[in-house]
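Student: Okay, here's what each chain looks like letter by letter:
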Amino acid sequence: MADLILTKQTLDRIDQVLQSLLTASGAHTVLLIDKAGQLISFQGTMDQEKVASLAALTAANYGATTAIARLFGEEEFTLLFHKGKEENIHFSNVGEEYLMITVFNNNTHLGLVRLEVRKGLEHIEAMFAENLRQWFNT
Amino acid sequence: MAIISFRSDEIHCKIVYYGPGRGGKTTNLITIHKALGHQVRGELLSIDTAGDRTLFFDFLPMDLGSIGKFRIKISLYTVPGQVRYNDTRKLVLKGVDGIVFVADSLEARKGNNVESLGNLRENLQDQGKSLSDLPLVLQYNKRDLAGSKVALLPVEEMEADLNSNGHYPSFPASALKGDGVRETFKKICMMTVVDVSARLLKDRGMSLTG
Ligand SMILES: Nc1nc2c(ncn2[C@@H]2O[C@H](COP(=O)(O)OP(=O)(O)OP(=O)(O)O)[C@@H](O)[C@H]2O)c(=O)[nH]1
Ligand SMILES: [Mg+2]
Chain A
1 MADLILTKQT
11 LDRIDQVLQS
21 LLTASGAHTV
31 LLIDKAGQLI
41 SFQGTMDQEK
51 VASLAALTAA
61 NYGATTAIAR
71 LFGEEEFTLL
81 FHKGKEENIH
91 FSNVGEEYLM
101 ITVFNNNTHL
111 GLVRLEVRKG
121 LEHIEAMFAE
131 NLRQWFNT
Chain B
1 MAIISFRSDE
11 IHCKIVYYGP
21 GRGGKTTNLI
31 TIHKALGHQV
41 RGELLSIDTA
51 GDRTLFFDFL
61 PMDLGSIGKF
71 RIKISLYTVP
81 GQVRYNDTRK
91 LVLKGVDGIV
101 FVADSLEARK
111 GNNVESLGNL
121 RENLQDQGKS
131 LSDLPLVLQY
141 NKRDLAGSKV
151 ALLPVEEMEA
161 DLNSNGHYPS
171 FPASALKGDG
181 VRETFKKICM
191 MTVVDVSARL
201 LKDRGMSLTG
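Chains as they are written, first to last, in the working numbering: chain A, 1 to 138; chain B, 1 to 210.
In isolation and in its complexed conformation, chain B is listed as follows (with noise of 0.2 Å):
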């Protein structure tokens, strides 16, 4: 749930990196992190990882700086991806207002990006939410992948599995390398934006700008 401030003319969004284990969730916020200048980025919070595997949750404030007469401010945080953590994602996923899902490119992975895919739609539902009211970005990660010995899925071959009606954006790219991280990052934010103010300003006859 998105919070408005008319005292500071601030809006605050929660956005989730959802996905299935070991898909790159943490390393999207690792990546944006050390990308951001420091009068945008709060403090990365990991907490509970065992080795690279996300226990509870990662979490990276930030401060977008000013669209029209509004201050953005955006709260990043990714799930634990493996499938027993379910408790735990349906926590990080309360009251989230745009979701980035984090595919896995490698071919092994194909199924583990369905089921978690179905997982995101059930956990949203228990919420009262459904995946095509709220903004989402799909990343296939992992595309400097592409040429070396591990079998990838085409991003044609993803697309089918997850995005069958072409319905949300999505982007190829390597979290490691930094490729495709900002796009992903630009577009699920500015989807965002303007879900939360056309929710919250429009009652009151008003936009971002005016």
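Bound conformation, chain A alone (with noise of 0.2 Å):
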């Protein structure tokens, strides 16, 4: 795993586009974290207190089950979601080392979610593309 080096610039794109998810899909709260459950960006309505603790257990939920996948040979299971009655969860890849967690409640509905998480993950995959080809060439 590779540090990493945020600018001033990605970090106001990348809230950027967290804050069109929020506005596109109804969700409520939308964390970008590393694998290591390190937080790099957040938006949304959720308690500031709680929301270093739902980086930390989403990357080790995360590996723990990657690892699971991994036992039966596959990969990774691609989609993974937690509904509860009120709020539901959905997490994503980004690229390598990231993910993206989406929280919702009962306003809105997993497709529409699971559709602006994608278009939301395209933006930021290119910038971290960029993001790393610029501070190389610094």
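Be aware that one or more of the hints could be misleading.
Quick look at which bits of chain B chain A covers, simulated, 3 or more residues with Cβ under 8 Å [what the hints assert, rightly or not]:
1) 35-45
2) 51-59
Here are the computed lysine to aspartate or glutamate pairs in the DMTMM-like style, where the Cα-Cα straight-line distance is at most 25 Å [claimed, not checked]:
3) A/K119 x A/E96
4) B/K186 x A/D3
5) B/K90 x A/E75
One side only, chain B facing chain A, incomplete, derived with CB under 10 Å [what the hints assert, rightly or not]:
6) I4
7) H12
8) K14
9) L91
10) V92
11) R199
12) L200
What the hints contain is simulated information worked out from the structure, not anything from laboratory work. The beta carbon of each residue, even a glycine, is placed where N, CA and C say it ideally should be.
Once you've looked at the hints, go ahead and assemble the two chains, each given alone in its own frame, into the complex.
Tutor: Written as structure tokens, this is what we have:
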């Protein structure tokens, strides 16, 4: 795993992408984290205090689920989704090293969230690639 | 892996407490959590514990304040020490920036200490890292039992077992009573922050203070 260097421009753009994802999908919180459990960016209404815990738990949970997939010869399970009475959580891979977590309630639905998450992911993956290039060029 | 943000001028590092089962890793985090003020510490999260055995990990996020221009944020983790939970240890070790190895001073645990340090070495290798290029601090825990009925390993013997070339800083401690916990923690924070900032800032012609 490599270190991550985030410039102001990159972070501002990540925030924009996450913000428009919220608006378009109707989700209330979205986090971008690395697979070591560290928070990169967070937008939404979730209690700030709980965000660090959510990031650490999600990374571990994702890692455990991937380890389970490998027991069955799968590379990973691509759709990770937890459904509750009120709150639902959707997880996706962002490239090899990052995860996006989207939290939504019954004001919206999984189909729309997945669609908007996929759009957001494309933006962010492109951005990470570019961020790396810039970093190596400076 | 560390994260550095040039928007908020923050550096985030991950420190893992490693060591044999029942050695006192979780107790270290509990003691640190109790000792720190509210502005520094976040919530201590212990998931999946059975009695005093960690089954998954403990997690304590904290904000160390500023060093020079940068605000330092640290996430502390413990691994489950029991031998059979190696898959979980590997998960928690992912992206680690600094390690505290909590060794158990009980004579009966001599072998467990050596085995656990070997296991750490192997698990790091799986990530393409090596013990020699990561900040590591050793802690010889449970020294409060000296003079009690249980036999303790002399510190010199633990050094010979775990730190034969004296390469790593080491501290006798009692995680339970609090002795040595702060010293261990301060040392690993310093070493990790120095290491991470050298790695991340040097290429940019920067240092922590300038
Ligand atoms: N006397 C004494 N007991 C200690 C000390 N530190 C921990 N203990 C006790 O040792 C037991 C195990 O401590 P933990 O902190 O749970 O150990 P751990 O390393 O987290 O163990 P695992 O989660 O199984 O890996 C507990 O009963 C602690 O109270 C110490 O410094 N002195
Ligand atoms: Mg424990």
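Student: Each of the hints needs a verdict: does it hold here or not?
Tutor: How the hints compare with the structure:
1. 35-45: holds (count 3)
2. 51-59: Per the Cβ count (3), the hint holds.
3. A/K119 x A/E96: holds, 17 Å
4. B/K186 x A/D3: holds, 22 Å
5. B/K90 x A/E75: holds, 17 Å
6. I4: holds, 5 Å
7. H12: holds, 5 Å
8. K14: Holds: closest Cβ of chain A sits about 6 Å from B/K14, inside 10 Å.
9. L91: holds, 4 Å
10. V92: Result: holds, 7 Å to nearest chain A Cβ.
11. R199: Check passed: Cβ of B/R199 comes within 6 Å of chain A, closer than 10 Å.
12. L200: This interface hint holds because 6 Å falls under the 10 Å limit.
Checked against the numbered hints above, the structure violates none of them.
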